[in-house]
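Q: The lines below spell out each chain.
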Amino acid sequence: MSSETKQKRRPVIVQMESPNLIPERDLGQIPVLEAKHIGIDFGGLTAVDDFNIAMGRTEISGLIGPNGAGKTTIFNLLTNVYKPTRGTILVDGYDTAGMSITQVNKLGIARTFQNIRLFSQMTVAQNILVGFGNSMSTHLVTDMLRFPKHWKQEREYRDKAMDLLGIFDMQRFADTKAGNLPYGAQRRLEILRALATHPKVLLLDEPAAGMNPNETEELMDNILKIRDEFQIAILLIEHDMSLVMGVCEVVGVLNYGKIIAKGTPEEIQRDPKVIEAYLGKQGVK
Amino acid sequence: MTFLTQLLNGLQLGSIYALVALGYTMVYGIILLLNFAHGDIIMVGAYISWIVMAKLGMSPALAVVLSVAGCTLLGVLIDKVAYAPLRNAPRLSILITAIGVSYFLENGAQLVFGADAKVVPAFISTSTIKVGGVSLSLNAIITIIVTAVCTVVLQLLVQKTKLGKAMRAVSEDMGAARLMGINVNTTISFTFALGSALAGIGAVLYSMAYSQATPTMGIMLGTKAFVAAVLGGIGSIPGAVIGGLLVGFAEVFVSALGLSVWKDAVVFLLLIIVLVVKPTGILGRTMNEKV
Amino acid sequence: MEEDMATKGKPIISTGSPKGSKKRKTISTGKRYIINTVLTVLVIVIGQMMIDNGSISRYQGSVLEQVGIYIIMAVSLNIATGYLGQLPLGHAGFMSVGGYSCAIFIMRMMGPMHVTMYDFMTGTPATTLLFVCGLIFGGVCAAICGLIIGIPALRLKGDYLAIITLGFAEIIRVVMLNIDSVVGFQLTGGAKGLTGIPSYTNFTNTFVVVAISLFLIHTMMKSRHGRAILAIRDNEIAAEATGVNTTYYKTLAFVVSAFFAGVGGGLYAGCIGVMAPAKFGFMKSIEILVMVVLGGMGSMLGSVISATFLTILPEALRAFADYRMVVYAIVLILVMIFRPQGLLGDYDFSMGNFLEKIINGEFPWKKKQAEEVEADE
Chain A
707 MSSETKQKRR PVIVQMESPN LIPERDLGQI PVLEAKHIGI DFGGLTAVDD FNIAMGRTEI
767 SGLIGPNGAG KTTIFNLLTN VYKPTRGTIL VDGYDTAGMS ITQVNKLGIA RTFQNIRLFS
827 QMTVAQNILV GFGNSMSTHL VTDMLRFPKH WKQEREYRDK AMDLLGIFDM QRFADTKAGN
887 LPYGAQRRLE ILRALATHPK VLLLDEPAAG MNPNETEELM DNILKIRDEF QIAILLIEHD
947 MSLVMGVCEV VGVLNYGKII AKGTPEEIQR DPKVIEAYLG KQGVK
Chain B
221 MTFLTQLLNG LQLGSIYALV ALGYTMVYGI ILLLNFAHGD IIMVGAYISW IVMAKLGMSP
281 ALAVVLSVAG CTLLGVLIDK VAYAPLRNAP RLSILITAIG VSYFLENGAQ LVFGADAKVV
341 PAFISTSTIK VGGVSLSLNA IITIIVTAVC TVVLQLLVQK TKLGKAMRAV SEDMGAARLM
401 GINVNTTISF TFALGSALAG IGAVLYSMAY SQATPTMGIM LGTKAFVAAV LGGIGSIPGA
461 VIGGLLVGFA EVFVSALGLS VWKDAVVFLL LIIVLVVKPT GILGRTMNEK V
Chain C
980 MEEDMATKGK PIISTGSPKG SKKRKTISTG KRYIINTVLT VLVIVIGQMM IDNGSISRYQ
1040 GSVLEQVGIY IIMAVSLNIA TGYLGQLPLG HAGFMSVGGY SCAIFIMRMM GPMHVTMYDF
1100 MTGTPATTLL FVCGLIFGGV CAAICGLIIG IPALRLKGDY LAIITLGFAE IIRVVMLNID
1160 SVVGFQLTGG AKGLTGIPSY TNFTNTFVVV AISLFLIHTM MKSRHGRAIL AIRDNEIAAE
1220 ATGVNTTYYK TLAFVVSAFF AGVGGGLYAG CIGVMAPAKF GFMKSIEILV MVVLGGMGSM
1280 LGSVISATFL TILPEALRAF ADYRMVVYAI VLILVMIFRP QGLLGDYDFS MGNFLEKIIN
1340 GEFPWKKKQA EEVEADE
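For the record, the sequence lines run as chains A, B and C. Note that the first sequence covers residues 707 to 991 in my numbering. Note that the second sequence covers residues 221 to 511 in my numbering. Note that the third sequence covers residues 980 to 1356 in my numbering.
Among the hints, a few may not be true.
Pairs of lysine-lysine, BS3-like flavour, derived with a Cα cap of 30 Å [claimed, not checked]:
(1) C:K1136 to A:K866
(2) B:K498 to A:K789
(3) C:K1171 to B:K338
(4) B:K338 to A:K812
To list a few chain B residues with every Cβ distance to chain C over 12 Å, as calculated [as the list claims (entries may be wrong)]:
(5) L276
(6) T348
(7) G352
(8) V369
(9) T381
(10) L383
(11) G384
(12) V404
(13) V496
(14) L503
Derived from the structure by calculation, the hints contain no laboratory data. None of the values given here were measured: they were computed from a predicted structure. Heads up, the beta-carbon is just placed ideally off N, CA and C, and yes, glycines get one too.
The following block holds chain A by itself, in its conformation from the complex (with noise of 0.2 Å):
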């Protein structure tokens, strides 16, 4: 990593009106993603309460908190998997209310999932190309019947497909049943897939865990590699403190369903009360 990319890691954050944060860069646009006052209830329980976010366009953000505190349901109401009980949810403008989770990924939001979901029965290219799907145009029947566009698509796209799968120099998989690949492998397939739906914003949810410092090293490489190359902007969940103190421009902290502190890394690391979420009150001394 050059240190020209080290220094875009610390850019300037700008307080917008709402209580989120943004890279001043991104300040001219639209945030890319804008959640206002999202919560949601099972039943009488409040999972996650009052949460804002603003993404800009190509900020790399970190959320972390406890076990339980509510991280991943945040991603499924991004995601609209849940509906929330309140709030707005703005992607690239758009109100995601009512929508389906394939709508919402059209609009731009891609995700990973803490377990892993991959389309294990289907080989690693295969994989790609359903990411690719809403991509490629070809009529059913055209399809049946083997027109030439049929075949001059599928070698366009399984093209694309290795190029993606070059980001993590996975290629020679490219044919393995994507349910056979180790672990690490999987986790960065589920990346690519994402990517293959041309988001604007990814959601990785624990995209280290499972993986030792060296891999995790890589993957921060590998994020920040992705956020230039697509100019995207990147959610994650992390556990792994050297990641996201590592990559992340904000870092919201989240404790019971709350956001608890946010700001730059260097302000969380010294903010008492997440000090506090993390090893209770005792710690704080």
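Following the hints, put chains B and C in place on chain A, whose structure we already have.
A: Here is chains B and C on its own, set in the frame of chain A:
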């Protein structure tokens, strides 16, 4: 008083469906299996009644006891032989196994007893009683009372006893229940025993109402009872009863209109409509998949 | 299986070739298609010749037609079961809709088109046209039924879908039984059945339809549409999050499945000559399901093989007809317990790949070596 007769008919038929639906609901509630063989357990029960009374010439009381006992044993046996090895298999595999068991029982019965209907003798000699100048079918009244009693007992069993608590725990989360020291296999077997015992009672009540046994009688009866369970909201005991009565009344009502050839279609149409409007059934609760 | 057409275009990457070895010879897509077409035509021509010269008796020929019909039935059910991962239990319902509508269409059109029963034996351009239109009509009617049931059914999962499709097939059966009294004239013939259906099927046209059906199902599955369907089976939530319109693709799979079931039903009506609602009960749906499950859910070859065996075997073992169903049931349970993925799992055979292996000198007994090389990489 044709209206009263029809009402009683609807209640009787609905009660039988409800009783069978209870069996479906319990098994489904605990291992999420649509036990296709449940209807065929009833068929076996009806044949046991026929053997005991018509072939061996023994008393109806003994027929009742043996039918219920036979069905209970059969239910537990099916679980042990066919379903238990597949406890961790994909749902589709278990469902297909259940279809296989059902298929086996039907064709086995056909092989042993032949395809023609066997006439099950009457369990009770008096067929009607007079209440306030109106003669009512005794069969119907017995059926309704038995079902009501069974439902109440079952509800108490599930809600108040330790075993009931274990059943509910296993249905919530099998793994967690095991960690809490609940013997999951015993609990599942017990559920099958209970459901099949209800099927046995259902078999007797069905034989009382229609006095015949055929190898394929379980399919339609079972399917409609399952429809009833789904209508009411699968996994819910009161739901099964409501669903059963609904199906029973729908059939009697359609037949009363002179459209009896359409009654099966109406029942399934009812199911489709209810599921489209409320996919979890009348009293069902939604389950969120964890993402 | 000669109908199993070439799977992919040219390989786009060539990282697969082992170090030091020569470049692997490949067969181009065009050649694969030609090889498969030629083989298919050859099989059909040889079959027809054997029927013509009496090597295959009329009875055996009719059994073979049924084999073809059940191949279509099993492979079409496999779309919904093996590829989409749902369990519809009303496939016989679609079959009966297709059969009735195809037969009625042909019977009603015979007059206006001046076609007689005997023309079907000799075969004229008019009968061919009727045959094609009839089958498509049957398929479309079944597909419409598939759409009607698919929309509510596919909102539900697993067992609910199973029971709702079972119910729908029952509704179809009841409708076929009683429709005459509603429309006021003889349409389906009620419980007595629809008789006097011209025998518009023969070995050749049946297997041409089989080959076309298999080709179309295969090409659909090996396209972006098929991938979307498979993705839903593997993980529905991930598929949705990856932009797969699950409602659309589930319905599509269901409708295509119903369409080909309808085509199969249309052939069945011509082959058997009598349609009766009782033939298309729950048991028929289960019989087709057994074929799919036994062959391997998701394997086209598996469906073809098991449909062939399960259609021929009972005919060969007529003496044991009584035990047949019981044995079916036991086999079904045993397969689920000991080999839940079916006999072939999701393995599929590609003639092109097979020939490629042969010309590259990769024989099955050399497999171990090849794997070792791969592992080295």
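Q: Are all beta-carbon distances from G384 of chain B to chain C longer than 12 Å?
A: 24 Å, holds
Q: Compare the distance between the alpha carbons of K498 of chain B and K789 of chain A with 30 Å, and conclude whether the hinted pair is satisfied.
A: Holds: K498 of chain B and K789 of chain A sit about 18 Å apart, inside 30 Å.
Q: Test the statement that V404 of chain B is away from the interface with chain C: the closest C-beta pair must be farther apart than 12 Å.
A: Label holds. Min Cβ-Cβ 19 Å, cutoff 12 Å.
Q: Report holds if the minimum CB distance from T381 of chain B to chain C is greater than 12 Å, and violated otherwise.
A: 28 Å, holds
Q: Run the distance test for K1171 of chain C versus K338 of chain B: straight-line Cα separation, threshold 30 Å.
A: Holds - the C-alpha atoms of K338 of chain B and K1171 of chain C are around 25 Å apart, at most 30 Å.
Q: Since V369 of chain B was said not to touch the interface, does its Cβ keep a gap of more than 12 Å from each Cβ of chain C?
A: 28 Å, holds
Q: Hint check: K1136 of chain C vs K866 of chain A, CA-CA at most 30 Å. Holds or violated?
A: Outside the cut-off at roughly 34 Å; violated.
Q: Between K338 of chain B and K812 of chain A, does the CA-CA distance stay at or below 30 Å?
A: 62 Å, violated
Q: For T348 of chain B, is the shortest CB-to-CB distance to chain C above 12 Å, so the non-interface label stands?
A: Holds, because the least Cβ-Cβ distance between T348 of chain B and chain C comes to about 32 Å, which exceeds 12 Å.
Q: L276 of chain B: least C-beta distance to chain C exceeds 12 Å?
A: Holds: least Cβ distance 25 Å, greater than 12 Å.
Q: Is V496 of chain B truly not at the interface, in the sense that its beta carbon sits beyond 12 Å from all beta carbons of chain C?
A: About 4 Å separates V496 of chain B from the closest Cβ of chain C, which leaves it inside 12 Å; violated.
Q: Checking the smallest CB distance to chain C, is L383 of chain B really beyond 12 Å?
A: 25 Å, holds
Going down the numbered hints, you'll see the structure goes against 1, 4, 13, while the others check out.
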